[in-house]
Structure formats: C-alpha cells, structure tokens
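*Asks:* Those protein sequence lines, which keep their order, are chains Y and U. In terms of the numbering used here, the first sequence opens at residue 1 and continues consecutively. In terms of the numbering used here, the second sequence opens at residue 1 and continues consecutively.
Just so you know, these hints were derived from the structure itself, not from any lab. The structure displayed is predicted, hence computed values, not measured ones. Treat the hints loosely; a few may be bogus.
Covered by chain U, per the in silico footprint, the following chain Y stretches (three or more residues, Cβ under 8 Å) [to be verified]:
#1 80-87
#2 95-105
#3 112-122
Restraint ranges, calculated between C-beta atoms of paired labels, are given here [to be verified]:
#4 GLU243/Y x GLU12/U: 29 to 39 Å
#5 PHE383/U x GLU146/Y: 52 to 62 Å
#6 LEU222/Y x ILE26/U: 55 to 65 Å
Don't be surprised by glycine CBs; every beta carbon is placed ideally from N, CA and C.
Read off the chains here:
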Amino acid sequence: MSEAAFIQIQDLRKTFVMGKQKVHALAGIDLNILRGSFTVIMGPSGSGKSTLLYLLGGLDRATSGAIHVDDLALEKMDENDLGIFRRKKVGFIFQSFNLISSMTAFQNVTFPMRFAGIKGAERQKRAAILLSQVGLANRAHHRPTELSGGQQQRVAIARALVNNPPLILADEPTGNLDTTSGYSIMKLLSALNKEGRTIVVVTHDLRMRQFASEMIYLLDGLVVSEAEYEAAASFELQEKEVEEAI
Amino acid sequence: MRFWDLFSLIIENLNRRKGRVALTAIGVVIGTAAVVLLVSLAIGLQKSATSNLWGINDLSRIEVYPNYGEAMMVEAKIGGGGGGGGGGTVSNQKLLTTSALADIALIPGVQKVIPRDYLMGSAVMKAGTLEAWTNIMGIAGSDLDDMGYLSGQGTLELRKGTAIVGSWVVNNFYDPKIRPGQEPPVPPELMDQRVKLVLSKWTNDGQEVKKTITLQIVGVLQEMRNEADGSVFVTMEDLTTWNEWFNNGKRINRNKDGYNNVIVRAESPEVVVDITNQINELGFMAYSPQSTVEGINSFFTILQIIFGGIGAIALLVAAIGIANTMTMAILERTREIGLMKAIGATNKDVLTIFLGEAAGIGLLGGLGGVLFGWGGSKILNVFAMQYLASQAQQGMLGSGLSAVTPTWLLLFAIIFATMVGFLSGLYPALRAATLEPVMALKYE
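Isolated chain Y (complex conformation):
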C-alpha cells in the first residue's frame, strides 16, 4: 500500500438490542478503503451492509471498534462534530431518494448549503452547475412528484455533491429504479469516481460488480471471501426455488 487508506476500520462491532435478544449486525470488521476507489459492498439483506455504511458516514455509532475517515476518528467525535463531519466529508445517496416533497429539485439541491452557511449567489451557481451535470437543467423547478425515479435519484446525487465532499456513500442507489435508470445512475457514480471521489456503494445486486474497483462481501456481519459469498448466494437461490415450488 503506497499511502495510508482513506477509510480504516478496526474490529468494528455493532449490536442491536431487540427486546431481550442481542443482534450482532456487525461482528468485528477490519477493512481499509483506498482514496479514489469505487468500493461495492455486497451482501444479502440482514448482512449488516447498510449498518456499515451508516457507521462510515457518521450517522450511527459503533458499539466498539474504530473508524478513521480521512484521518478523523469518528468514535471520538461528539454529536456536533459528527454533524460537521457529515456536512464537509460525506455525500449520502439513499434507496428512497429522501427528497423533500415540498421543495423543487433546485431547492432540494441547495438545501445542504444552507446548513454549511454558503451565501445565496454561490448556492444558485453550484446548484445550477450540478443539475446540468446530472442532466436535469430543464427540470430544476419541478417538484419530486413531477420527476421519474431515475430523475429523483439524479437530484439526490446532485444534492450529495453540493458541499463537494471527498466521500460518496450510496445505500442501494438503484434499488427503486428500473434497469435502464439504475444503469445510468451507476454510470454517473462511476464518472464521479473518475473525478477523484471515493465511492462506497452498498447493494445486493450482483450487476454492480462491473463498476467496482474493490469488492467487499458481507455475510452475517463479517467480511467473507468471494467464494464463500457465492456459495451462500447459491444456497439462498436454492432456498428460493424450494419456496417457489412449495
């Protein structure tokens, strides 16, 4: 490794308490993610991949272990510092877009800059550039309900980029989209990666592999090899066939 990893994760654990039961969503993960990489974290539902993503973005706190992002130790930050960390370092993309329905595409894109204290003129300029970058210059004043799923996700991507974060975290970004829209969103993320941003995408869609520079497979809260993952996936497939037969 020529340089220290952009993200370093050591023995990361996250335990949820459900009633009297403890669920180990992450059971001790060690991981390095390089700056400028396009990392795809693959895993079935319940494997802990979304939990890992939220921990990386400082939206949640680990039960134990350490996360360093760009040399910042997230476990040592208070709530306020985490807010500023998310503002400056991270752009989130969600499966359900999470656009504010009362705001236009343009207003949704400018929204994060209000918390960052960026002035009006600069906000307008950045939002206009980003919306045209994602191919939505002509839909800037439409509300989310007037846009297709793919267009909404493009607005969300533009919103994730406005504060120019070095890290983009995407949680099943194509989960709610048809194949064509999903593909174009992945192409867009790939283009952002080529600009030098570090991208981490969480998905269970095997087709995402073609865009990845790094693949991480998760099963039951642990990082596994590709072979182990394939075996589990085929087992899962068999199970599905059995269920369908019944």
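Let chain Y serve as the given structure and place chain U on it in line with the hints.
*Replies:* Coordinates of chain U only, in the frame set by chain Y:
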C-alpha cells in the same frame, strides 16, 4: 447556519402547513386578545378612577397646614382659617412660621416651598353691574407657575394691584338686581378688565365699614380641577395689607403668626410620600394626593394582574395547542429530520429550526391577538361612550369609563405570545434535535 438562512427556512416550513399553523395561531390570537383587552380595561378603570379624584392632577404637590394642637385640629383641616393672629396658648402647636418654612425647604427632594394665605374677612368682587363672592388667596413669590398652574389667558406673574382668576370664577358672577323669572346674566369677560373688590368689616359698635380696591385682571387659569378653579390670586403683600385692615391695623408677624397654608412641591412624584412623612414628623399636618393615588394604584395593579391572569389561561390552552402541533409536525417530518442530519445539520440547527417554528406560531398569534385586542378595546370605547351619553341625557354624571391600551402593553403582548410559542416548542424541538439520524431515516 446563518441567521437569514434560518429565518427563511422557518418561514418556508410554516408556509408549508398554512392551515394548521393558522388554526394553532388562532388559539394564541384569542389568548393574546383577551390579555390585551382585559388589561386595557383595568388600565382604563384606573385612569378613570384617578382622574375623577378632585385635585389629583398634580402629583408632586404636598399641602401643609399648621398644627394648632388637639382642639383646633379639625377646624384647621377644614378651613385652614383662624391662623394669622391666633393665640399662642396651646403648647404643642406648630405654626408655619418663616423658620418652619426654612426647615421644610431643607428636606431632601423639596423643590419649592410656597406660602399661601386667605383673606380673613368677607369680600365681594364687582365687574360692572355683576357681583361675585370669591375666595381670595395670597401667594408668596408672585409666580403661579411655581404652583404648577397653567395659564389659560394672559400671564401667571402677579404684581401689586393685579389679580389672576381661576377658570370657574367667571361663572360665580350674578346680577344682584335680578328678578325671579329673568334669565341669568351672561358671564363677564374678565381678562384685562379692572374689577372692584369690596372688603367689609364691622366695628365694635356694629357699624359696617367698607374698603374698595381696584384690581387689574392680568390672567385667567386653565381648569386645574382643584381649589384654584374657584380662587382669585393676589400678591401676598396686597393680601397682608387687607388682612391688617381687617385686623384694625395690627401688623402680621410671619415669624410669629406664620401662614395659613403652605404648598410644597417635590422634585418628582416618587419622593412625595417620603417628604410628606418627614413634614408630619416635624409636627405639621401634610397631605399629598400621591399617597391616595398610590393606594388606588396598588389596588388597580392587582386588578390588572387578575385580568391579565384570566387572559393568560387562554394563552396556556393555546400553548398546549402549539406543543401538540409541533409534536405532530415532528412525527410527520421524522424522515426529513434524519435527512437534515445526513446532509450536515447539527443537533443545534434542528433544535433552532423547530424552536423558531414554534416561536413563529406564537408571534403570528401575538400579532393577531394585539390587533383584535386593540380593536376590541376601541369598539368597547365606542359602546361605552354611547352608554355614557345616554346616561348624561338622563342627568347622570358619566365616570368616563374606557379601555386604555398603552404601547407597552401591545409590545409586551407580542413578546409574551412569542415566548409562549417558544416555550411550548421546547419539548418537541428537543425531541427532534436528539432523534437518532438512522432511526429517523428509516421511520415510516
């Protein structure tokens, strides 16, 4: 987050739910209007009560009478007469002598000490064919401005041979030759006129002796709503001369006999009660309208608090409405709160936004309430005036009851309503600020 961004975001958020914000604000409108209207009414009642008190328009004034001892106290209080050459037989008497006046002048807060004296006999004023019985008063210092009197016509400066009359004196003139059934005479114009003052006394053998003096009227006072309205003021020198004539030429010694009455003016109404107490401790009899007014004021302050409290109950109900609306808003916008945190809002940002929205509802309600409360008090005044007019037609004296809405009350009501909104929003906003982002984002 910059202030303007915060402000515009709050406005946008309130604008998103206009109907609900308006309904919640109506609660605050009712509460604030009730506070404004009821407190205005209490202030109006207080104003009307104090303005109807005779002679209470000048609150920095203290009247001081000599203490003639136990036996003569009652007489002294009523008339203030019989002083001048009064005997010195009672041991505990305190007369308003020149040295006593100097003592009073030394009390801190005393601005002026003005001796007054009354005419010690009967006098009739004649203007042309009309006559009037008058209350003649001599003022030392010759300047009625010192007494706090306001000029209606002419001057407030007295000189030898001149007089200034109170506003009602003109109405006292009558025609001595008037017959039953005849119209009463038109009141004479007194300003700049020369009038005659006829003094009369009886000799020991029962013979009436008269002395006629010509006086130039140099001023007419404004209505003062105190004893000045019915009085004719002359210089102390003139009055002393006439009193000595009544006293068969015996000289009046102010060092020994003192004055009938002294007016003390304080630097401000606040020190009046204190000065009054100190003069009483010197042994004189001091009376200030301020002490009466203070008693009345404390009663009306309690009334204002009670009235305001009744309005505040309505505001309390409105506060619960705001808390409810905000709690509902936070439930509905849980995902949005999660998103705000994901895109970089700190807990403090979220707290400020929701507190601002709650305070905004309070402010809107406060503005509406002030408008309705103020308008309501105006409408109340119109009805009160109509009622009073009908009472006056029936020959009853109206008390001038009305609601008075001072600016401070309006400002206070707006600030108070905003505070109510702010405090009601505290719990919901704290809940919003401390939501876990991941949980909030997953909320359905």
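*Asks:* Evaluate each hint against the coordinates.
*Replies:* Outcome of the hint check:
1. 80-87: That given contact holds, which follows from 5 residues of the region 80-87 of chain Y lying within Cβ reach (below 8 Å) of chain U.
2. 95-105: With 3 residues in contact (Cβ-Cβ under 8 Å with chain U), the coverage given for the region 95-105 of chain Y holds.
3. 112-122: Holds, because 5 residues of the region 112-122 of chain Y bring their Cβ atoms closer than 8 Å to Cβ atoms of chain U.
4. GLU243/Y x GLU12/U: 29 to 39 Å: At roughly 49 Å between Cβ atoms, GLU12/U and GLU243/Y fall outside 29 to 39 Å, so the hint is violated.
5. PHE383/U x GLU146/Y: 52 to 62 Å: The hint (52 to 62 Å, Cβ to Cβ) holds, given that PHE383/U and GLU146/Y are roughly 55 Å apart.
6. LEU222/Y x ILE26/U: 55 to 65 Å: Holds: the Cβ-Cβ distance is about 58 Å, inside 55 to 65 Å.
The structure does not agree with numbered hint 4 stated previously, though it agrees with all others.
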